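Assemble the complex: chain U is given as a structure, and chain Z must be docked to it using the hints.
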Amino acid sequence: MKTKYLKTSAAIAGIVLGLAASGTAWAQDAVNLRMTIWSANEAHLAMFNEIAEGFKATHPNVTVSFEPLPFDSYTTTLTTQIAGGNPPDLAWILETTAADFVNSGALAPLSDAFAATEGYDIADVSEKATALWTRDGQLYAYPFSTSPFALFVNNDVITAAGAKTPAELIASGEWTWDNAFATAATVGQSGKTGLVVRDFKYQVWQNLASIWNGWGATPWSEDGKTCTFADQPMVDAMTAIHKAIFTDKAMPGPGEDIDFFAGETGMTITQISRASLLPTENPFDWDLVPLPAGPVGEYAVVGQAGVGAFAAGANVDTAVAFLAYMTNPENSQKLAQFFPPARASLLNAETLAATNPLLSAEQIDNVVISGISNGVVLPGHTNFAQIQQTIRASLDSLWVADADVAAVLGNVCSSVSPLLAR
Amino acid sequence: MSLAETPQKRPFWTMARRDAAAGYVFIAPQLIGIIAFVLVPLGLVFWYSLHEWNVLASTFNYVGAANYQMLLADPNLPSVLWASAVFSVGLVILNMSLALLLAVLLDQKLRGLVVFRTLFFSPVVVSLVAWTIVWSFLLQNNGGINGLLAMLGIEGPNWLRNPATAMVSVVVVQVFKNVGLNMVLFLAALQGVPKELYEAARVDGAGRFKQFRRITLPLISPTILLTSIITVVGSLQVFAQIAVLTQGGPGMSTTVLVYYLYQQAFQFHFFGYGSTLSILLFVIVAALTFAQWQLRKRIVFYEN
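Sequences listed follow chains U and Z, in order. For the first sequence, the numbering used here assigns the number -9 to the initial residue and increments by one for each residue that follows. For the second sequence, the numbering used here assigns the number 443 to the initial residue and increments by one for each residue that follows.
Chain Z extracted, bound-state conformation:
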């Protein structure tokens, strides 16, 4: 047998396979985490939503779409979805506009900016529950906020017990908690805008507002998209603030979807129906994220 006829055995560990294996090893922890803590629970929640689960009686019966039919007939659902929408819209508008305003102010070359950046960002790293408990004391009828207003001769409302002010209070507490995160992201984006563009605009006679609208906003629009997605998704998951400040009241005025599903599953022990509400939340978050992602083609400016 000649040498030319000898079959060449291909080595198993080719460079491509080694690279692929290394890649899989690197992503393995994240992948296992996503499977164990996202995909499996998601599947389980869907499975639970098809069952009536009485924890105390230890019964777990398949009921098909009954929980979904209950969802459609739930008389509380419209007010819960309305409260969720009001909270999300209020939070997104207030948080993003305030974060952008603070970022623009902190982007100036002024003294003491580091102090202000730290001041606005520090609530982000404070424990959420601790932050909310402090605010619950400040907002109570005989609390700090109304004490300050009284010094100014103003009789403050009963912030957390009045349907007109309870949701506003929760939104404001949440904005103060997290505005620093968006502010830092906006600040980073603002500092990435080439300064020569402003110089050119000034040469062309553009005012500060026009510069902001025509240069700043388009160039930071990818960050606006990112922060809007984060803020919208985060707003739909609000729980601790509601649990500590209002427990969903007064009436049902601050009962948002996550708090309602917590009540159904963990307080009322309707785990099947609670799971159905979780699926509804998942669908809403997925739809909103998809819609925002689609909007990027129209509103986000990419340099390339």
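Isolated chain U, as found in the complex:
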């Protein structure tokens, strides 16, 4: 009886150990990288998968899967995955939370790996583009998308309202915020919507940087320690925005959900990557123009997205190697069809026109290249989520008709200053 048990146990142990041993061998060979992204766009996914397939030529054991997460809760979901012990190997990171990820030590350093990659040419990537993602001279995430804010225009709606189109204003050298708001107000009085700051929704106030930068306004000082919301440039900019909303009806009020691409709005401020939303059925006469000049003159604002590899991941070196491959000159050109590149060699009308067929050469020159070259990145800060929420709560009292702009902005600084000073 005992002999029978022994034999059975030995047989089972042999099978289990054999499977375990072969499993170990598989684990050594196969590497599955996971990268979180915030786009579920099929064309984007197809391009990423194509790049991942290309990586197999030199790394046949590596598979990369892309995991789209909803944009609105992207960072929350990502940090929850990290807290739950299930971090991805690589992730897109928003410019506003760049400081949190870069300064925390969560991301693996990239500079040495990129320098060691043949043909990478890191010098081609401008310092301006990498500034947000660099700490102590070391790059922690690659800014694969530098997307300028611009105005999409519905010329049909504007001319029907009897206003001057932005193209006409640009031609006559009158493309200023005063005139842009005037055009939007005329459209607003015609029963349509004048101007929408896309994704702002009276919550995402940092998107208003696309307007207030024209007044030279900033939310905090360059070192991030001092609130500048109550300074005169911001008071002037917010007064102009408030007037446009509540007096001139140039912009939709709080609680009104308007989509420019549905065709009922004169203008919208958004990033150029939104061109894919332009309607193919019932198209309208659209244009893409740079942001109007403010009191401080012409300016540009960009949104950035970086990709980083997590330092605590199980396959950090492979993840960094994949990132080096994904952002090399050849693949950067592929990425440029959706995400404006940080590489100087790709910032030319020929490359961008080939990858952005919807845009004219003039639009690419005036909006994309000029925007990327001169643009200031949206405001970000360490501990941005808490700062964002605190300012949002204080700014809510600005979005009523009889608000005292200066007083509200003073309250914003009172509430956020302790957080900035940390």
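Don't take each hint at face value.
Unchecked claim - Here are the simulated SDA-like cross-link-like pairs (lysine to any residue), alpha carbons at most 25 Å apart as the crow flies:
hint, chain 1, residue 1, chain 2, residue 2
1, U, Lys191, Z, Gly589
2, U, Lys191, Z, Pro605
3, U, Lys191, U, Tyr64
Stated by the list, open to error - Now the in silico label distances, taken between C-beta atoms and shown as ranges:
hint, chain 1, residue 1, chain 2, residue 2, range
4, U, Asp355, Z, Gly676, 56 to 62 Å
5, U, Phe274, Z, Ser521, 41 to 47 Å
6, U, Ala47, Z, Val725, 57 to 63 Å
7, U, Pro319, Z, Val571, 40 to 46 Å
8, U, Asn272, Z, Pro517, 50 to 56 Å
9, U, Asn51, Z, Val610, 57 to 63 Å
10, Z, Val610, U, Asp355, 48 to 54 Å
11, Z, Val571, U, Gly181, 29 to 35 Å
Keep in mind that the hints were calculated from the coordinates and are not lab data. For clarity, every value in this text was computed on a predicted model and none was experimentally measured. Ideal Cβ placement from N, Cα and C applies to all residues, glycine included.
This is chain Z only, laid out in the frame that chain U set:
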């Protein structure tokens, strides 16, 4: 050795042990579920509340009572607790009175009652987020509700952007969502009240209101206690409605405790402090449930 001296070996599987084992087997799934998904997380949350947990930097440091001291000094906490109290009181009063009213109406022998019961109960089974998104469109400034009011010549407020109406809007959306559940419970209780009691009361000259106050309310008071506990506990756990409709605004006017702890833990990445807020929520829910349970001796009528 005689037979009488032989020690009697007691069988291990006695009837009592078999019954006990069967009992444990039957409750095992529930018990394992409670341990795995209630008790262990509860213990972990308490453990986390004693730590400063920086997810991005992968640090997890013991800080003792620091998070609890932070809780006591948190300048936002009074307004958060006030918002939670306003929501809970508003919801409980509105939900239970409306549920009772609907139950009394539907307890009448009228035509089409099944249709009305289904109509009022159907929101209970609708997805909460879908329900709230629909209401967010109806309540926006240029939405359906204000469109209807405009047809009547009334200029409606900006429901979700006005501090005076935002909380009311969230409460009403939640009441319409869940009133059907309490209504069905009340209806079942009402149908259990012996009809002869009403006949006797009528003979004694009691009016309809007196019958309701002296017969109906005492006899359905166990259900009132049950629904009040469910509604109070549920009201303190409101999250999706706030997240979809107001994101805690305008200002902090609709930032209730669960939404605030979500912000602290998942948006601001202060998992330790978020856990401390969870403990506070647990204490509040436990205290309110205990108080309601104690009140049953005074306000609940048991036939025995």
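Violated constraints from the hint list, given by number and in increasing order: Of the numbered hints, all hold.
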